[in-house]
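**Student:** Line by line, the protein sequences give chains V and F. Note that UniProt numbering has the first sequence beginning at 1, numbered continuously upward. Note that UniProt numbering has the second sequence beginning at 1, numbered continuously upward.
Keep in mind the hints are simulated off the structure, nothing from the lab. One thing to keep in mind: the hints can contain errors.
So the derived label-pair ranges between C-beta atoms look like this [claimed, not checked]: (1) LYS205/F / CYS27/V: 26 to 32 Å; (2) LEU440/F / CYS27/V: 51 to 57 Å; (3) PRO14/V / ARG358/F: 39 to 45 Å; (4) MET212/F / GLY26/V: 47 to 53 Å; (5) ARG358/F / ASP11/V: 52 to 58 Å; (6) GLY26/V / PRO122/F: 55 to 61 Å; (7) GLY619/F / PRO14/V: 38 to 44 Å; (8) ALA573/F / GLN79/V: 29 to 35 Å; (9) LEU130/F / GLY26/V: 53 to 59 Å.
As a list, the in silico DSS-like pairs of lysine-lysine whose alpha-carbon atoms are at most 25 Å apart [claimed, not checked]: (10) LYS205/F / LYS168/F; (11) LYS22/V / LYS798/F; (12) LYS461/F / LYS798/F; (13) LYS22/V / LYS605/F; (14) LYS4/F / LYS299/F; (15) LYS555/F / LYS48/V; (16) LYS205/F / LYS119/F; (17) LYS318/F / LYS205/F; (18) LYS668/F / LYS784/F; (19) LYS668/F / LYS751/F; (20) LYS205/F / LYS48/V; (21) LYS555/F / LYS22/V; (22) LYS605/F / LYS500/F; (23) LYS4/F / LYS22/V; (24) LYS512/F / LYS798/F; (25) LYS591/F / LYS668/F.
One side only, chain V facing chain F, incomplete, derived with CB under 7 Å [stated by the list, open to error]: (26) ALA9; (27) LEU10; (28) GLN16; (29) ARG19; (30) ASP35; (31) GLU54; (32) THR63; (33) HIS67.
Treat the numbers as computed from the prediction; the structure is a model and nothing was measured. C-beta: ideal position from N, C-alpha, C; glycine also.
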Amino acid sequence: MTLFVDIGALDDIPQQGARVVKTAQGCIAVFRTADDTVFALDDRCPHKGGPLSEGIVHGTSVTCPLHNWVFDMNSGQAQGADQGMVRTYPIRVEAGRVLISARLATRKAA
Amino acid sequence: MKKKLVIIGAGMASGRMLEHLLEANPDAYDVTLFNGEPRGNYNRLMLSPVLSGEKTYDDIVTHDDDWYAAHGVDCRFGEPVVHIDRDRRIVHSNLSSAEYDALVIATGSAPFIIPVVGKELPGVVTYRDLEDTNAMIDAGMAGKEAVVIGGGLLGLEAAAGMAARGAKVTVIHLMGHLMERQLDPAAGYLLQKDLERRGITVHCKGATKAIMGHGQAEAVLLEDGTVYPADLVCMAVGIRPETRIAVDAHLEVERGITVDDTLRTSDPHIFALGECVEHRKQLFGLVAPLYDQAKVLAKTLLGEAAEFQPVQTATKLKVTGCDLFSAGDFAEGEGREDIVFRDPGRGIYKRLVLENDRIIGVVMYGDTADGSWFYGLMKDGADIREMRDTLIFGPAFQGGAAPDPMAAVAALPPEAEICGCNGVCKGTIVQAVQNGATTLDAVRACTKASGSCGTCTGLVKQVMALTLGGAVVEAPTGMCKCTDHTHEDVRRLITSMGLKSIPAVLQELGWKTVGGCHSCRPALNFYLLAEWPLDYQDDRQSRFVNERNHANIQKDGTYSVVPRMWGGVTTPAELRAIADAADKYNVPMVKVTGGQRIDLLGVRKEDLPHMWADLNEAGLVSGHAYSKGLRTVKTCVGSEFCRFGTQDSTGLGIRLEKLLWGSWTPHKVKLGVSGCPRNCAEATCKDVGVICVDSGYQISVAGAAGMELKETEALAATPSEDEAVEIITAFVQLYRESAKYLDRPYKWVAKVGLDWVKDRVVADLESRRALVARFEISQSVYRKDPWAEHSTTSEMPKWAPLADLTLEAAE
Ligand code: SRM
Ligand SMILES: Cc1cc2nc3c(=O)[nH]c(=O)nc-3n(C[C@H](O)[C@H](O)[C@H](O)COP(=O)(O)OP(=O)(O)OC[C@H]3O[C@@H](n4cnc5c(N)ncnc54)[C@H](O)[C@@H]3O)c2cc1C
Ligand code: SF4
Ligand code: FES
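Same shape as in the complex, but just chain F (with noise of 0.2 Å):
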């Protein structure tokens, strides 16, 4: 007599199980199929070309009616099984029941729904079956806003149906880069290009506070405050294994339902497979693997041996135009190696991972032709030794040119600006070089470009050599190891090219690491800032130590806090503060700085917030003694009590304190304001220097008392404060647009010239007036005390240790 064999799910892994059952021996049991969907099996991967409309349904069945009555499996289609009676081997669904010699469990996994406000309102959907699918198509999306949240292999697969239907979409997404688990930062940002292209809003770095809306959701709020408005909203978050009969039925149940090699549950007379199941502490996303376990199944239920051994699976994400590969893990091992290829000029990136010789991982994006021979080789454990040198251009490749680090520059378009200064685009530097001016000082005759601040030099040679072709350039010296392109080159390009984030300038100029250095980094970070104050997020993580921790280190690795003092002034309520912190938190040395403000040094990490909380009631600020920024105005008691005072010396600087704290520049600013030509702010050695005079303000800049001593250069007299003010704005900002990361005014200064500078803020009222404007606008997002930022009770932890091992230990 035939055995019963009872199958609770038809996915696309019993189904595949089945096939193989029925093919190898069709006479061994009377098959009884319940699904929860009222259908049966469908190729679930293609639910996306549904959602796009470039496939129908009826395209993606796998095993229809005919099929299922020719292999004489009674099929419960519409059943969810809602009980396991183990000891009868009876299985119910609220219709139905049948008995069983072998159960096999193949319930998938549900998706994962984020506790939020208004997850349950009508027109919030997740992306499994065949009517969340039709749900988002009937929802008629032409035209209305649609918000996915989950930027993963799912969300994104939902975000490309529902814009292919005409949606206007947005992804939300809670970590730094698309598919974090598939992708490195690099492929997430190429990733990100391309559906941004495609009219898809990208918010990475986003969580979802809640969905708003009254009967039916209208918008989606984040916690930073950004609200997305959503006719619809998909949550792909996650999924999770569907386990709940088995645990109901006392099976050994952990993340998922836990089988041995064999697939078989702790009830031996029960199996599992697909992606409810846990093997080996491991659970399953995608069908390469539940397809071997389909075999191993097929062959344990017919009494043959076989083990389940679970390979390493490669992912695509199938997005029409959006080419991407990733296969391997990328944790963990000692000694591993990176080989990296960009052609920022074709938006390809490559990335491999070796270990011992042998690829681990492979990350690629753009072109992905050669993804499944490194697959292979990764596979296979391949010894790669031999064909190192060549491996990352793939099988086809053998010897050849190294990546070309002009390639960045050769795709400019002609139009995109190159000279600054004199409005001189890429077009008409190559039109000059056509016309015969092969040398940069012909060039600069003829169109002016880089004969002004002369930065842009580098890049005016590289269009030239490009023009040329290829003649050997002298190469310009790089930002660091990780590039070829100068400092002064990446600023332009950042803007030329619309450069948004760190990932984007390392993959559009080629960078030669996989993430910068601590050279670039810091820089890339105040470039990027300091272009677009309004889009870019300032990356913490790209910053030195005293800018993470807005306080400088010291060389025992406690920190030194130094309270703002507006222009030198306090009051006896913030001393007494400043020496309540210092009792408080056992400060061993409180000293008075070259800067006219009070040092608390020695201080541990984990009081940092709570110092800064105890400050800040006082009113005291950050004095950002740490930053490439303003430190300090120092000032002298000038007019308001100086039998010699000229001007208020004092409240001009406390007002320039005021104006410019909290901007960031490309190395520390520091000014001085003295209220006669005795000068005791010795303000003619500072960045910034004012002399006040009963005639006016004498402004000077670019001197030096660090490592170099220089007198400052006078750059403007005038009569009016105010007007004193906006020339000093404008200096900075000129500053902070155009000098080098880490050279301070007099150094560039040097390099551009006094008279370029003048004739930018002092002779030029438009161009000064719009300096002073574009600081502005950058302020409104940095004029701000950090330490109010991370002395809140949810940022406080984040300073102390991870955790403290030492307390086990004392057990």
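Here chain V stands alone, though its shape is the one from the complex (with noise of 0.2 Å):
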């Protein structure tokens, strides 16, 4: 079973957009849609790692910021001729709290 932790109020994010999340493993961004769904991925673009968490989200797609891979937040998927996969993290709203994975709040087994 997953553990959660609270990352913050879901407000906190705006609609459409996404904020980070420091954690030991690297930056998460978690991210909001317009209907309030959220989706933590690795904040590291596969092609050249570009800041996912600054690109422009539209529907449950985002595009990163510095050349335009588009990636499916579901499944952390490139869309159309990209390839290339990020990683996604269990998280979930609870009474407009987020609560992300606790996973990501230990250290990586060593």
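Dock chain one against chain two, each of which comes alone in its own frame, and use the hints as you go.
**Tutor:** Written as structure tokens, this is what we have:
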């Protein structure tokens, strides 16, 4: 079972936008769509490391701000002709709070 | 002997439970029923028709005195229970008490009151019961002003009800669109439009700051400074479970009173149901699941096995004429997909959310006839793979045509303007075609439509195709994969259809995707702000990262900061401030740009607002080195210092930069002003260049020195600096109004022709002045420093990470 930790209020993330969460495993981009679905993805584009949290969010996709690769936030999969995959993490909203997989709050197993 | 059952609260849930219980076994219990309201059970849902005058209270009573008498219920109405004595199993009101073997708490919920100044003023009401409804009716609403705070289900029903009684109603809603919990932005947009059509004002993204008035509510003040006069204020911002007596009795209470699947609380003799309970972390706000609870609790009380299993519920709004339907959960889920159908002409929007070939969410607006069919498929978890292609058309549909991309044009009224240059409306083109003009040239010849700048050609062709009965026109290439409309068409339709938001464009022009994409959204945002500078709310999330963060993103995710140096002129104090900022924030590179100013490269995002605040303090503002807007005005030293200078080119450059800065344009705009034909400011390869000569100013435009190289072309010459400024301003505004997003001026001028431009900004004085006036209106909103806006104490935290979990890991 996944355990969750609270990272902040849903309203702290703009609709169709993202905020970053720092973890021991690197930065995670936490996205909020126009209809308040949340997603958590590595904040690193597999192309050249672009910060996905700064991309334009459309539907449940995000476009990397550096060279416009588009990723489906459900799966982390690059769309169209581009090949690549961003890691996704369990995340959910409860009573207006955003909860992310507690595994991110622990150190990487050595 | 009969056991004693006491019920606290005579609402929708307990009423239904009593019916089941008494029907199954009328002899099991002696029932005592307490109610806070001085009456028995009525249909709370129907308060809205009572408010609007379509029904009376008598119409909505579900259990009257005769019913209670016939079933032997001991009614204690108008007696709120104030204490539960669990040890002795007695409940007390202030007037009486009753012993119980089994106790049911069904206290419903209480409206949430936002803690603002003035919330207790007379004239501020909530919307929960008959008293509230009567308070609104008694306010005698015809001709008065009412403000409803909260654009959810309840707030909108209150608003529509009061509007039906003749009040002038404004709805203030905190979120970006109405009923955001049930609707997506597209459906929210359609709903807003329907409400506005019936005279209700809707103010989204509005946070209430205070209710003002002396001894009586008089107005509502928002955080953004807007004030709405209000004789009556209805707060409908949400509800919370009424748990006070349960808390006092030390029952287990989270957000609601915790119950198990049999609806038993933490005390085996006490049960609860309705909006006051929390079941497996879930709260309830609609009656359907409460009716299921009523069934289960009746069985539990009779000792029969039963378990409550919540099912997903569907929402409808009981406002005549606003036809919406929403069901299911739009949250989460790997591999979700959308099917979207829009019929702009009829204001219809339907969206299905699919997962693993099953429907998990439905939003519909305008035509909800198929709602229950979709809802059924969703509840049953039916596999829809087989009918996927035609699913969105509903149960009646098998095969058939795809939605019509020309619907938006078809829906335009005959008087809608198609060709702006020549003032030709749709009806004129239709007439020309009917009179035999079946080619574009022929239409051009007899109507002039698309004969000038030509950007409306696509629309003219579509009107022709419609009139000719679907004869195929070569398809114009759309803006992006989301639409078949060209940029030019979209601009024109935004104007002629009065579209003022991105959801409005997506809906009315039949976008094929849910929320557009990274290519069309920034373009739409620009078109809307250029067309409606005063009405449109800039959408930050539709901007590319650089414009959203007011800094250029670098390859490693850091940013560059470029302060404005008006006309390339600076001072020792400014240079010191820049040097200090570079030191303070460890800037890895300080570089002089090709635009006569200084670039601080490699700044971390969270440092940006702090650095801006420091620079602001020294009087420096954003240089917009990141914007599709005015970048730099490059100048030379001119007559003030140079032995060849003929005019004050530095001064003119600064004047132009101070006039034009902050404006958004289709692509970036750079100017150069040189003091003589030696042209040290390289004015002849800029978007707009001025060469000063003895006799005045030579203005040339449409140069390029980036990916293409092109010398500017002469636009005008004038002896007057004022006139030069006026002509340049008009040129920039014309560019803003008619160019395609991401066309630099040289590309745009090549399309519309320099003569067309000259006519409007040089020859026709009236047109020039009108362009300047429109530019000034826009600048009244946009000539401002974004750095100042984002470096306030409330904004600064938004630039830092949301959370830092590395700290927790270090514990
Ligand atoms: C900083 C600067 C280079 C420098 O170190 O001197 C620069 C840097 C960039 N230029 Fe430039 N350009 C800079 C002067 C120019 C000039 C020369 C000028 O302005 O006199 C040109 C040629 C003139 C022109 O505008 O065409 C120029 C033509 C371009 C182009 C090609 C535009 C075109 O339509 O052909 C791009 C790409 C684009 O805009 O799409 C570009 C894009 C860029 C971007 C924004 C690339 C990007 O998208 O990230 C670079 C941002 C770097 C950064 O983070 O700051 N830059 N760029 C100059 C900033 C000037 C300023 O003070 O604002
Ligand atoms: C205007 C309006 C329109 C609505 N429209 C819809 C709709 O279209 N669809 C839908 O599904 N739902 C709708 N709802 C919601 C629906 O009415 C509620 O979900 C439902 O009424 C909740 O039932 P309940 O029995 O839990 O609480 P209630 O019906 O609120 O009953 C609780 C009762 O308990 C009483 N009480 C509280 N505390 C005490 C106490 N200490 N002692 C004694 N009595 C007490 C209260 O006075 C109240 O009479 C609407 C609600 C409103 C107000
Ligand atoms: S020319 Fe401009 S865009 Fe190209 S690398 Fe240099 S700064 Fe970047
Ligand atoms: S780094 Fe993301 S697209 Fe290149």
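**Student:** Against this structure, judge whether each hint is valid.
**Tutor:** Structure-based check of all given hints:
no.	hint	in the structure
1	LYS205/F / CYS27/V: 26 to 32 Å	holds, 29 Å
2	LEU440/F / CYS27/V: 51 to 57 Å	holds, 54 Å
3	PRO14/V / ARG358/F: 39 to 45 Å	violated, 31 Å
4	MET212/F / GLY26/V: 47 to 53 Å	holds, 50 Å
5	ARG358/F / ASP11/V: 52 to 58 Å	violated, 31 Å
6	GLY26/V / PRO122/F: 55 to 61 Å	holds, 57 Å
7	GLY619/F / PRO14/V: 38 to 44 Å	violated, 30 Å
8	ALA573/F / GLN79/V: 29 to 35 Å	violated, 50 Å
9	LEU130/F / GLY26/V: 53 to 59 Å	holds, 57 Å
10	LYS205/F / LYS168/F	holds, 20 Å
11	LYS22/V / LYS798/F	holds, 14 Å
12	LYS461/F / LYS798/F	violated, 48 Å
13	LYS22/V / LYS605/F	holds, 14 Å
14	LYS4/F / LYS299/F	holds, 16 Å
15	LYS555/F / LYS48/V	holds, 8 Å
16	LYS205/F / LYS119/F	holds, 20 Å
17	LYS318/F / LYS205/F	holds, 24 Å
18	LYS668/F / LYS784/F	holds, 17 Å
19	LYS668/F / LYS751/F	holds, 18 Å
20	LYS205/F / LYS48/V	violated, 36 Å
21	LYS555/F / LYS22/V	holds, 20 Å
22	LYS605/F / LYS500/F	violated, 32 Å
23	LYS4/F / LYS22/V	violated, 58 Å
24	LYS512/F / LYS798/F	violated, 33 Å
25	LYS591/F / LYS668/F	holds, 21 Å
26	ALA9	violated, 9 Å
27	LEU10	violated, 11 Å
28	GLN16	holds, 4 Å
29	ARG19	holds, 4 Å
30	ASP35	holds, 5 Å
31	GLU54	holds, 4 Å
32	THR63	holds, 4 Å
33	HIS67	violated, 10 Å
Consistency with the previously given hints fails for numbers 3, 5, 7, 8, 12, 20, 22, 23, 24, 26, 27 and 33, ordered from lowest to highest.
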